[in-house]
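Enquirer: Can you make the complete structure from the sequences, with help from the hints?
Chain by chain, the residues run as shown.
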Amino acid sequence: DTEVTQTPKHLVMGMTNKKSLKCEQHMGHRAMYWYKQKAKKPPELMFVYSYEKLSINESVPSRFSPECPNSSLLNLHLHALQPEDSALYLCASSQQGADYNEQFFGPGTRLTVL
Amino acid sequence: LAKTTQPISMDSYEGQEVNITCSHNNIATNDYITWYQQFPSQGPRFIIQGYKTKVTNEVASLFIPADRKSSTLSLPRVSLSDTAVYYCLVATGTNAGKSTFGDGTTLTVKP
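Taken in sequence, the protein lines are chains A and B.
Note that the numbering used here numbers the first sequence so that position 61 is 61, with each residue one more than the last.
Note that the numbering used here numbers the second sequence so that position 108 is 108, with each residue one more than the last.
Keep in mind the hints are simulated off the structure, nothing from the lab.
Don't take each hint at face value.
Said to hold, decoys possible - Straight-line Cα separation of at most 25 Å, PhoX-like style, residue types lysine-lysine; simulated pairs:
no. : chain 1 : residue 1 : chain 2 : residue 2
1   : A       : LYS41     : B       : LYS54
2   : A       : LYS41     : B       : LYS3
3   : A       : LYS40     : B       : LYS54
4   : B       : LYS3      : A       : LYS40
5   : A       : LYS19     : A       : LYS9
6   : B       : LYS69     : B       : LYS54
Expert: Here it is as structure tokens:
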């Protein structure tokens with residue numbers, strides 16, 4: 001299984017809502033990532049988890065809260081978002097400690113903040 | 001982090017070979033060069049990765065000169081379905097993360 005799954009595919013939320021994005025992989029990868037991608041722009045790294053511990057936070061606002069409950073699962077909790085946070089949110093995973101960094105991406109969650 | 005520079009867009013015709021060059025002047029000794037393909041509303045997909053010289057797989061070749069300050073992705077005999085955005089990344093594989101995507105090259109293949 002070389003697939004990264006993300007749910008939901010689409011999400012519409014108001015600025016006062018709390019929601020969560022979910023990402024799952026069963027490739028035994030111990031590095032997992034969250035990216036944000038705006039239209040016609042490259043993906044921007046948000047967070048990296050390595051062995052279920054947060055290793056990189058690219059100065060992301062606290063209204064985005066990542067969580068890695070186990071080695072297969074990655075969540076992104078959303079609260080009090082702004083309309084400018086509307087974007088495609090991508091999850092990826094890769095082997096940790098390898099001399100290469102092939103990341104496997106999920107299809108993304110299209111988020112719209114009203 | 002090594003910054004990458006790619007052409008913004010390229011046009012080609014079906015059946016032609018396409019070469020996309022990426023500049024990465026401050027590549028570090030441990031960095032690998034990776035190329036991804038992305039279709040609209042999908043996640044990027046790994047194409048090929050290399051460290052030096054030439055790497056070839058079933059879909060592409062990657063040419064890296066000795067100084068490693070640039071790399072060229074070669075797509076043989078493109079088809080309409082190769083129309084996509086192609087990203088070059090330079091990153092250290094042993095340090096999970098810190099992969100910064102460049103602006104990407106939008107390749108349009110015409111019939």
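Enquirer: Just pull the numbers of the violated hints for me, sorted ascending.
Expert: 1, 3
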